[in-house]
Amino acid sequence: MGTIIHVLLGGTNVGILALAAAAVAVRLLLGRQRSDLARGADLVAYTATAAGLGLAVLSGLTGFFGTWPREAIATTVLSQNKTLVTLALLSSWGLFLFLRWRVGPSLWDYPVLRVWSIVLVAIGFVNTVLVGSMGGSAGLTGTVLDPLLLALNINRYMSLAWGPYLTALLIVLVVILYAYSTRLKPR
Amino acid sequence: MLRKRTIVLLLFLSMLVATIRISPAGAQESDQSFVAIPDELTTELRVKAAYNGQEVLWLFEWPAARAHFYHDIVVYQDGTWVRHGDSTVGSQEFGLYEDRLTFLVDPGTVQGFATQGCYAACHDGLRFLSNQLDGATVGAHPLLGEVQGRTDLRKYVPDSRAGAQWWDAPWDDVKSAEELTALREAGVFLDFWHWRAHRGGPIGYADDQYVLEFRNNDGTKAAYGTNWDAEANEPRFMFDPARVGFAALNWERLINFEYTQDDVYYLSPDTAIPFDTNHNWQNGDVIPRRFLQEPEGSQAAITADGRWLDGVWRLELRRAMDTGFSTTDHALVEGRTYNVGFAIHKNATGSRWHYISHPQKVGIGVPAAITAARFNGPTPDWNAIPWTTLAMFYPGQITWEWLTSEAHPGAPEMRADSRSCRDCHGENSSAVLKMAQAAQFHELRDGRLSLNWWLTLLGGFVFLFGGTLVALNLSNYRSQR
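Line order of the protein sequences matches chains A and X. Position one of the first sequence corresponds to residue 1 (our numbering), numbered consecutively onward. Position one of the second sequence corresponds to residue 1001 (our numbering), numbered consecutively onward.
Everything labelled a hint here was simulated from the structure, so no lab data went into it. Incorrect hints may appear among the rest.
A partial selection of chain X residues facing chain A, derived with a Cβ cut-off under 7 Å [what the hints assert, rightly or not]:
# : residue
1 : W1281
2 : A1368
3 : I1370
4 : L1455
5 : T1468
6 : V1470
7 : Y1477
Heads up, the beta-carbon is just placed ideally off N, CA and C, and yes, glycines get one too.
All chains, please: the whole structure from these sequences, using the hints.
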């Protein structure tokens, strides 16, 4: 039963977040326009992200507590990868939602925020699709992503963890950029 | 505000220091030891069998993009001999590991084999599993280590262990030597036919072994020995230039697979002389680390003729129906049916990187999944006997212990020995592909979250949250909340 609920919630959140990503794309294409379409796309992006994110959290919880034994989730590489990807998608969509909430509908007027929103939504969307595909693999059924992942030489059964060096590089990069941005920030 | 920024910066810096501090250990720490999943998860094996009352013959064909019949060599490099082609994880990097065909025969005496096949012999702790036992642990075992001198764990069957239930087969709970002897005398063991493309194959032999408490040799002299003098740190034998025209193979030619099966590429009494330390050895000279020899006794029971041509191995094996070695070989009797599990190694892999079949019924003159046909004379007309094609799959690290545990939905049937793998999972190529995918999924079931996993999580969070802070700083936005 838990698996069925997890799959239903998972499928629904993937659909709603795909709608959010499409709405973001439409809103980006409209630039600084204030048309009804622009306002509508912004609203759909905002609400669909909130709804999709909520369902993704519920899907994650049902996946964690209602499908495989906890021991299996922690000790199989596929589920470790799935957990990693899930956290990435929740963070990305969550931060996009936070940005939109903090800045408001004028989010699209600021070039830097626009670019960063694209980054967050793109990461969120790719990981959303990937986690769905991994769910298919966990159920031992093929998924439509299989040929693409094969072509990209991505093996979901091998750990996707990248190790210490890239992490160190990212931290250094973020620290430098943060320090730089803080100096540039108008008082 | 300044204080807030300082705290954030200090937090980032402390994470950086922590990451760098633990990086060297983290880089080495991995939960993927002994993991190498082949690109090709399934393959096929074609089988025919025939007998004439005195001998039983098998004919096999299986696809292999390249033939691997070089194995375990030493190459001369700046004054020392460097070994390549020892047992390794996955494919040997230079292709220096022999192809193999093996099968286990059970006359119905080994519990679990008829339904679960080779899985009855595959247990936690075996070498090259992620949970393999270390040499010291096995070496300290009163029978396996101290009496038999084992330093690793290999195939064994549940019958050889004294668990509370028949399926309960902990590696160290081995029955006494007397009990094991009694089991062998009662025919409770798996007869292991073991053809290797280098160790024995070139001189026309397959190894003959049996599986009970370990994978044992039938006799004392196999078709190969080790060509290495550990004290002198050099080979014992070299090629005889007078007979074969050279003292050593050439490394470049070897790794480019230029030596064919018709060339001299192996050491045997016909091609070798004692090693000459004073020979003018050159960098790139290669000497096989195995010496092929005439086997004796039960280990000489199986003769073999294997050839690779145009992407296909074709192998014929021949053995007396009754070798007379009843405690190491199962006689194959007309009118009876046997359980047989087949395996092939290809792509320069050894140990557990093989493809296996479901257990098959083989009838000696009686209808079965594979029916050995009666023939007269020394050689059958193979064209008159139909092939049986078996779907083979990579079994990953699925072990008997996992299959009989609560984690496996089919465990109750396995414990009751009432249903076979194929009953639940199917037997055609797509069914075994799913089994191989499931095996892949379980490949690291004993892995714990690694340090790298946590570092990836940390790096991802820092990137996403830090990036958002940077974007907010740079944008000079006015909140419309």
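Hints, verified against the model:
1. W1281: Check failed: Cβ of W1281 (chain X) comes no nearer than 41 Å to chain A, outside 7 Å.
2. A1368: Violated: closest Cβ of chain A sits about 30 Å from A1368 (chain X), beyond 7 Å.
3. I1370: With a closest approach of 29 Å, the I1370 (chain X) hint is violated.
4. L1455: It holds, given that the least Cβ distance between L1455 (chain X) and chain A is near 4 Å, below 7 Å.
5. T1468: holds, 5 Å
6. V1470: holds, 5 Å
7. Y1477: Cβ of Y1477 (chain X) sits 5 Å from chain A, so the hint holds.
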